[in-house]
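> Make the full structure from the sequences, and use the hints.
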Amino acid sequence: MSPPVSAASWSFTEDDFGAITKALERFLADCNARCALIVDRTGQLVATVGQRPDFDPTAFATLTAADFSANDQLAKLIGENDFNSLFHQGEKESMYLADVARRVILVVLFDSRTTLGLVRIKMRQTVVELTQLFEIVFSRGGSADAVPNILAGADDEIDKLFQ
Amino acid sequence: MSMINYASREINCKIVYYGPGLGGKTTNLEHVYGKVQPDTRGKLISLATETERTLFFDFLPVDLGTIRGFKTRFHLYTVPGQVYYNASRKLILKGVDGIVFVGDSQVERMEANQEAMQNLYDNMAEYGYDLTTMPFLIQYNKRDLPNAASIRELQAALNPGWEVSDPARMRPLPDPTHPGEQLIEQLPTGEWIERAPYLEAVAVSGEGVFETLKAVSKLVLKSLA
Chain A
1 MSPPVSAASW
11 SFTEDDFGAI
21 TKALERFLAD
31 CNARCALIVD
41 RTGQLVATVG
51 QRPDFDPTAF
61 ATLTAADFSA
71 NDQLAKLIGE
81 NDFNSLFHQG
91 EKESMYLADV
101 ARRVILVVLF
111 DSRTTLGLVR
121 IKMRQTVVEL
131 TQLFEIVFSR
141 GGSADAVPNI
151 LAGADDEIDK
161 LFQ
Chain B
1 MSMINYASRE
11 INCKIVYYGP
21 GLGGKTTNLE
31 HVYGKVQPDT
41 RGKLISLATE
51 TERTLFFDFL
61 PVDLGTIRGF
71 KTRFHLYTVP
81 GQVYYNASRK
91 LILKGVDGIV
101 FVGDSQVERM
111 EANQEAMQNL
121 YDNMAEYGYD
131 LTTMPFLIQY
141 NKRDLPNAAS
151 IRELQAALNP
161 GWEVSDPARM
171 RPLPDPTHPG
181 EQLIEQLPTG
191 EWIERAPYLE
201 AVAVSGEGVF
211 ETLKAVSKLV
221 LKSLA
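Heads up: the sequence lines are chains A and B, in that order. Last residue of the first sequence: number 163 in the numbering used here, and the count goes up by one each step with no gaps. Last residue of the second sequence: number 225 in the numbering used here, and the count goes up by one each step with no gaps.
Worth double-checking, as some hints may not be accurate.
[Said to hold, decoys possible] Per the computed footprint, the stretches of chain B lying under chain A, defined by three or more beta-carbons under 8 angstroms from a beta-carbon of chain A, are:
#1 3-9
#2 151-160
[Unchecked claim] Quick list of in silico lysine-lysine cross-link-like pairs, PhoX-like style, CA-CA up to 25 angstroms:
#3 B/218 to B/71
#4 B/71 to B/214
#5 A/92 to A/122
#6 A/160 to B/218
#7 B/214 to B/35
#8 B/35 to A/160
#9 A/122 to A/22
#10 B/71 to B/43
#11 B/214 to A/160
#12 A/160 to B/90
#13 B/90 to B/35
#14 B/43 to B/214
#15 B/222 to A/160
#16 B/218 to B/35
#17 B/90 to A/76
#18 B/218 to B/43
[As the list claims (entries may be wrong)] So the derived list for chain A, only partly shown, Cβ under 8 angstroms to chain B, looks like this:
#19 34
#20 53
#21 56
Since the hints were made in silico from the structure, they are not lab data. Using N, Cα and C, we set each Cβ at its ideal position, and we do this for glycine too.
Shown next as structure tokens:
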């Protein structure tokens, strides 16, 4: 059985963010895709690289996570553990989604300047690279020793916010 | 599962409005959407049927202010209330930080309320979440209707309390919003119980909607602090 999609708290630092961004930039240059997004399984947008999307990225992230979750359940119904990648083809724009470390989703938007085959090949390598990066982030968890809890002792400030 | 993004200096939290069909979950979100400053909220996404029944979820991101230089972004979701849609309802709970159970006060909906509450406990348990230890509150909606049950009846049916097992918590905790009532109390049998905080609302006119949102957001942020 595949590991459950975990929901433990996690946080990433600017260094993590830099490494993730670098990997995605390289990937976009290699496959000539327009834009790549990292979305976590709960629907939060983690990163956007490449051409700035002209849609609402928050809404996009939410729908991506829902799309992936619904397809996961469909996979289970037909006896598969999951579908680790999804492809949506449009007339001009297409998108390819892939699971990373069971916790986040890599979404790539591309048009006719590249091909599905090239995107898929390059994506496979990138997923391996991102999996390693994210596993380090997840293994650290949201633990206070690794990343200081910025809300520690902020009770008064929280009270003030909701007065 | 809250997400703290140090690069964009944001704390992102997920709040789910749960409850029986036609109880007012979507109405809560629509009211928030209509009332907050457009620059502090995103788009309201509704995956609904042609008859405006929620099919998958509604989604609304709102910013509630800044704490320690971090923007607090709350992602509000509703689930489809109809029993039939349990598969999609369960998906929405993934990574939830806080739950609002929107109960329908009408006497005729008591059974539907109880069924939805049981379903919430079951679905949370399947993810390994414990509703009794996380930010969770109940909104009794439709308080303006003539056939609304009394708060006492609703509390008895939907919020009878769970047993407190931690000795450190076995002390009376007054309910800050309802003078004379307790969130944690000892029963005459000697057993200590804790209830979820509750609020009253008329979501269709906006009454109690922001109070609910503020209360749950505060619980979520305090759970992170």
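> Are the hints correct? Go through all of them and say.
Right, here's what the structure says about each hint:
1. Restraint check on the stretch 3-9 of chain B versus chain A: 5 residues with Cβ-Cβ distances below 8 angstroms, three needed, restraint holds.
2. Against chain A, the stretch 151-160 of chain B contributes 0 residues with a C-beta closer than 8 angstroms to a partner C-beta. That does not satisfy the three-residue criterion, and the hint is violated.
3. Of the pairs offered as hints, the one joining residue 218 of chain B and residue 71 of chain B holds, with about 14 angstroms between alpha carbons and a cut-off of 25 angstroms not exceeded.
4. At roughly 15 angstroms between alpha-carbon atoms, residue 71 of chain B and residue 214 of chain B fall within 25 angstroms of each other, so this suggested pair holds.
5. Distance hint between residue 92 of chain A and residue 122 of chain A is fulfilled; the C-alpha atoms sit about 20 angstroms from each other, no more than 25 angstroms.
6. Using a Cα cut-off of 25 angstroms, the hinted pair residue 160 of chain A and residue 218 of chain B holds, with the two alpha carbons roughly 10 angstroms apart.
7. For the hint linking residue 214 of chain B to residue 35 of chain B, the alpha-carbon distance of about 14 angstroms falls within 25 angstroms, and the restraint holds.
8. Restraint check for residue 35 of chain B and residue 160 of chain A: satisfied, since their Cα atoms lie roughly 21 angstroms apart, inside the 25 angstroms limit.
9. Between the alpha carbons of residue 122 of chain A and residue 22 of chain A the distance comes to roughly 15 angstroms, so the proposed pair stays at or under 25 angstroms and holds.
10. For the proposed pair residue 71 of chain B and residue 43 of chain B, the alpha carbon gap of about 18 angstroms is at most 25 angstroms, so the pair holds.
11. Between residue 214 of chain B and residue 160 of chain A the alpha-carbon distance is near 12 angstroms, which keeps this suggested pair within the 25 angstroms criterion.
12. For the given pair, residue 160 of chain A sits about 34 angstroms from residue 90 of chain B by alpha-carbon distance, which is inconsistent with the 25 angstroms threshold.
13. Between residue 90 of chain B and residue 35 of chain B, the direct Cα distance comes to roughly 29 angstroms. Violation of the 25 angstroms bound is thereby established for this hinted pair.
14. Simply put, residue 43 of chain B and residue 214 of chain B have alpha-carbon atoms about 20 angstroms apart, close enough for the 25 angstroms limit, and the pair holds.
15. With a C-alpha separation of about 12 angstroms, the suggested pair residue 222 of chain B and residue 160 of chain A falls inside the 25 angstroms cut-off, and the hint holds.
16. With a CA separation close to 19 angstroms, the supplied pair residue 218 of chain B and residue 35 of chain B stays within the 25 angstroms bound.
17. For the hint linking residue 90 of chain B to residue 76 of chain A, the alpha-carbon distance of about 15 angstroms falls within 25 angstroms, and the restraint holds.
18. Note on residue 218 of chain B and residue 43 of chain B: the hinted pairing holds, with a Cα-Cα distance of about 23 angstroms set against a maximum of 25 angstroms.
19. The closest approach between the C-beta of residue 34 of chain A and any C-beta of chain B is roughly 21 angstroms, which is over the 8 angstroms cut-off, so the hint fails.
20. With its C-beta approaching chain B no nearer than about 14 angstroms, residue 53 of chain A sits outside the 8 angstroms limit, and its interface hint is violated.
21. For residue 56 of chain A, the suggested interface contact is upheld, since its CB lies about 5 angstroms from the closest CB of chain B, less than 8 angstroms.
The structure fails to meet hints 2, 12, 13, 19 and 20 from the earlier list, while all remaining hints are met.
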